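Trainee: For the sequence shown, numbering that gives the first Met the number 0 gives the first residue as 0, with consecutive numbering after it.
Hints were generated in silico from the structure; no laboratory data involved.
The structure displayed is predicted, hence computed values, not measured ones.
Please note that the accuracy of each hint is not assured.
To be verified - So the derived label-pair ranges between C-beta atoms look like this:
| hint | residue 1 | residue 2 | range |
| --- | --- | --- | --- |
| 1 | K80 | T57 | 31 to 39 Å |
| 2 | K113 | E58 | 30 to 38 Å |
| 3 | D79 | A42 | 15 to 23 Å |
| 4 | F124 | N44 | 14 to 22 Å |
| 5 | A39 | E75 | 12 to 20 Å |
Unchecked claim - When the alpha-carbon atoms are kept at most 20 Å apart in a straight line, the in silico EDC-like pairs for lysine to aspartate or glutamate are as follows:
| hint | residue 1 | residue 2 |
| --- | --- | --- |
| 6 | K55 | E75 |
| 7 | K80 | E65 |
| 8 | K52 | E78 |
| 9 | K52 | D79 |
| 10 | K62 | E51 |
| 11 | K62 | D112 |
Virtual Cβ for every residue (Gly too), placed ideally from N, Cα, C.
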Amino acid sequence: MGKKQSGSAEKKPTEKKGGNSKNTDKGDQSEGKGKGGLKAATAINVRHILCEKHSKATEALQKIQEGQRFDKVAQEYSEDKAKSGGSLGWMVRGSMVGAFQDAAFALTPSTVDKPILSPLVKTNFGYHVIMVEGRR
Numbered sequence: 000m001g002k003k004q005s006g007s008a009e010k011k012p013t014e015k016k017g018g019n020s021k022n023t024d025k026g027d028q029s030e031g032k033g034k035g036g037l038k039a040a041t042a043i044n045v046r047h048i049l050c051e052k053h054s055k056a057t058e059a060l061q062k063i064q065e066g067q068r069f070d071k072v073a074q075e076y077s078e079d080k081a082k083s084g085g086s087l088g089w090m091v092r093g094s095m096v097g098a099f100q101d102a103a104f105a106l107t108p109s110t111v112d113k114p115i116l117s118p119l120v121k122t123n124f125g126y127h128v129i130m131v132e133g134r135r
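The whole structure should be built from the sequences, with the hints applied where relevant.
Mentor: Here it is, written out as structure tokens:
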């Protein structure tokens with residue numbers, strides 16, 4: 000009988016471990032859903048700051064991280080046609096350069112006064128600082 004008890008005692012910790020892994024799985028699944036939710040978007044309302052030189056793009060990124068509004072920094076630093084605060088409007092998947100698109104679709108939507116930014120993204124156009132305002 001002693002052996003049965005030790006056997007059941009061994010099962011209990013195994014069950015607990017299983018329970019913990021189930022909780023972990025649930026966490027992974029919800030994270031997966033979150034990531035899946037981001038991937039499900041077919042269009043994003045995107046803003047960017049485009050600079051030909053890495054140093055200028057880095058400077059723009061620092062200004063935003065210091066608390067300046069994204070649209071104001073974009074007007075001052077961006078070197079492309081999107082001078083209206085860096086807004087490119089709604090862009091669909093496939094209409095953007097690969098590295099830019101990958102970075103943009105990975106971002107969580109945010110606002111110009113508290114933007115969630117991409118790290119600098121290098122494309123054949125130059126260096127981009129990207130933020131996303133909406134997804135659909």
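Trainee: If a hint holds in the structure, say so; if it does not, say that too.
Mentor: Now the hints, each set against the structure:
no.: 1; hint: K80 <-> T57: 31 to 39 Å; in the structure: violated, 22 Å
no.: 2; hint: K113 <-> E58: 30 to 38 Å; in the structure: violated, 20 Å
no.: 3; hint: D79 <-> A42: 15 to 23 Å; in the structure: holds, 20 Å
no.: 4; hint: F124 <-> N44: 14 to 22 Å; in the structure: holds, 20 Å
no.: 5; hint: A39 <-> E75: 12 to 20 Å; in the structure: violated, 35 Å
no.: 6; hint: K55 <-> E75; in the structure: holds, 11 Å
no.: 7; hint: K80 <-> E65; in the structure: violated, 25 Å
no.: 8; hint: K52 <-> E78; in the structure: holds, 10 Å
no.: 9; hint: K52 <-> D79; in the structure: holds, 13 Å
no.: 10; hint: K62 <-> E51; in the structure: holds, 17 Å
no.: 11; hint: K62 <-> D112; in the structure: holds, 12 Å
The structure does not agree with the numbered hints 1, 2, 5 and 7 stated previously, though it agrees with the rest.
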